[in-house]
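Asks: Sequence:
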Amino acid sequence: VLIQGRPLAIGEVAELSDALLCAWYPGSEGGRAIGDILFGQVNPSGKLPVSIPRSAGQLPVYYNQKNAGRPRPYVDMPSKPLYPFGFGLGYSSFEYGSPAISQKEITLDELRSGSRVEVCVEVKNTGKMKGDEVVQLY
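Using my numbering, you'd call the opening residue of the sequence shown number 177 and step up by one each time.
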């Protein structure tokens, strides 16, 4: 269980662990929530809000970093993070239906006047355990 306030280089910890739970700063009821997850009473459904680096040589890690055409990290180190932005596992599996979008284009003026684009997708829990899924759209 990782209690942290920012992404840390945990490559060696990950290699020696069968599982990791990133709890951030969970608050006063965090111990109970962590216990429920570890003992399988609750299905974790969170996704990482940041990328977790392989080593300190990758810091800072940006999920939206533009490729400059040449390698940025050390020659002997993979350039991808250990766990990317949006990564997360649980005790169940989910199936996504085809997404439906309310409109394919929207102008800046429409956005300024309060218009919006809605995307809907049906998500089905195909596993044996009750759980929630974070649908990511960027």
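In case anyone wonders, no lab produced these hints; they're calculated from the structure. Remember, it's a predicted structure, so these values are computed and weren't measured experimentally. Here a beta-carbon is modelled for each residue, glycine too, at the ideal position from N, C-alpha and C. There may be inaccurate statements among the hints.
Unchecked claim - As a list, the in silico DSS-like pairs of lysine-lysine whose alpha-carbon atoms are at most 27 Å apart:
#	residue 1	residue 2
1	K256	K300
2	K223	K300
3	K306	K223
4	K280	K256
5	K223	K304
As the list claims (entries may be wrong) - Now the in silico label distances, taken between C-beta atoms and shown as ranges:
#	residue 1	residue 2	range
6	K280	G207	41 to 49 Å
7	K304	Q279	33 to 41 Å
8	I282	S221	25 to 33 Å
9	S193	D285	45 to 53 Å
Asks: Look at each hint and say if it fits the structure.
Replies: Tested hints:
1. This hinted pair does not check out: K256 and K300 have alpha carbons roughly 30 Å apart, beyond 27 Å.
2. With a C-alpha separation of about 18 Å, the suggested pair K223 and K300 falls inside the 27 Å cut-off, and the hint holds.
3. Of the supplied pair hints, the one linking K306 and K223 holds, its CA atoms being roughly 17 Å apart against a limit of 27 Å.
4. About 32 Å separates the Cα atoms of K280 and K256, which puts this hinted pair outside 27 Å; it is violated.
5. Using a Cα cut-off of 27 Å, the hinted pair K223 and K304 holds, with the two alpha carbons roughly 20 Å apart.
6. Checked against the hint of 41 to 49 Å, the pair K280 and G207 passes, with Cβ atoms roughly 47 Å apart.
7. Range check, K304 to Q279: Cβ separation about 38 Å, and the 33 to 41 Å hint holds.
8. The hint said 25 to 33 Å for the Cβ distance between I282 and S221, and at roughly 30 Å that hint holds.
9. The beta-carbon spacing between S193 and D285, approximately 51 Å, falls within the hinted interval of 45 to 53 Å.
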